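Colleague: Below, each chain spelled out in residue letters.
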Amino acid sequence: DQQVKQNSPSLSVQEGRISILNCDYTNSMFDYFLWYKKYPAEGPTFLISISSIKDKNEDGRFTVFLNKSAKHLSLHIVPSQPGDSAVYFCAATKGDYGGSQGNLIFGKGTKLSVKP
Amino acid sequence: DTGVSQNPRHKITKRGQNVTFRCDPISEHNRLYWYRQTLGQGPEFLTYFQNEAQLEKSRLLSDRFSAERPKGSFSTLEIQRTEQGDSAMYLCASSLNPGLAGGKYEQYFGPGTRLTVT
Chain A
1 DQQVKQNSPS LSVQEGRISI LNCDYTNSMF DYFLWYKKYP AEGPTFLISI SSIKDKNEDG
61 RFTVFLNKSA KHLSLHIVPS QPGDSAVYFC AATKGDYGGS QGNLIFGKGT KLSVKP
Chain B
1001 DTGVSQNPRH KITKRGQNVT FRCDPISEHN RLYWYRQTLG QGPEFLTYFQ NEAQLEKSRL
1061 LSDRFSAERP KGSFSTLEIQ RTEQGDSAMY LCASSLNPGL AGGKYEQYFG PGTRLTVT
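Those protein sequences? They're chains A and B, same order as listed. Note that my numbering gives residue 46 to position 46 of the first sequence, counting from 1, and the numbers run on in steps of one. Note that my numbering gives residue 1068 to position 68 of the second sequence, counting from 1, and the numbers run on in steps of one.
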């Protein structure tokens, strides 16, 4: 049973346009969410996070939106750049108070291609 | 560079052999995690240390796997009697306690060790 789902394996976007990556989760005990970017042969790189007490967090070109009632979050990248081409992973944790000691549950990833 | 480092980066071994991987976390981080990633999947949690104590192990961690963090600094992950199904990328990550990190749970990953069992 997959608790974090990224239903789009791939996404192609034109440079300068908006990229929207989606993520759904099933466990209502998740209270902290993160996005990571991964290039081939490298470890995941932290991008941006959001606590369940917020519905939006912004960092430069990256914005994460959280809809708790729908158990859905999305990552917006504006404007998209060719260097953003990578696999993006959504992750969630129940945090220390959910008994998980902060370990992360990941989706399967979405491969973003930004075309010049 | 003060990021997470892992060695070796690549390991090819024959089935039945033992292998050991090393992870050096960010120096001020007291939490250390091991994950495994296979093709087409996201990283899957294996085990977690707070300082030198191993506090949680996933059901994925069979008894052929053992991890240590002897002085609360670097960690090793050993796989005994390797099987072809152990072929994967093994990732290490470190973090601060959320109480020291403003309630944040960000983990910082190393480059991984790619294991191929032939």
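Hints may be right or wrong, so weigh each one.
Claimed, not checked - Below 30 Å or equal to it, Euclidean Cα-Cα: the simulated DSSO-like pairs (lysine-lysine) are:
hint : chain 1 : residue 1 : chain 2 : residue 2
1    : B       : K1104     : A       : K5
2    : B       : K1104     : A       : K94
3    : B       : K1011     : A       : K56
4    : B       : K1071     : A       : K108
5    : B       : K1057     : A       : K71
6    : B       : K1011     : A       : K108
7    : B       : K1071     : A       : K54
8    : B       : K1014     : A       : K94
9    : A       : K5        : A       : K108
10   : B       : K1011     : A       : K111
Worth flagging that the hints you see were computed from the coordinates, not collected in a lab. Treat the numbers as computed from the prediction; the structure is a model and nothing was measured.
Colleague: Could you tell me which of the numbered hints above are not met by this structure, giving the numbers in increasing order?
Modeller: As far as the earlier hints go, 3, 4, 7, 8 are violated by this structure, in ascending order.
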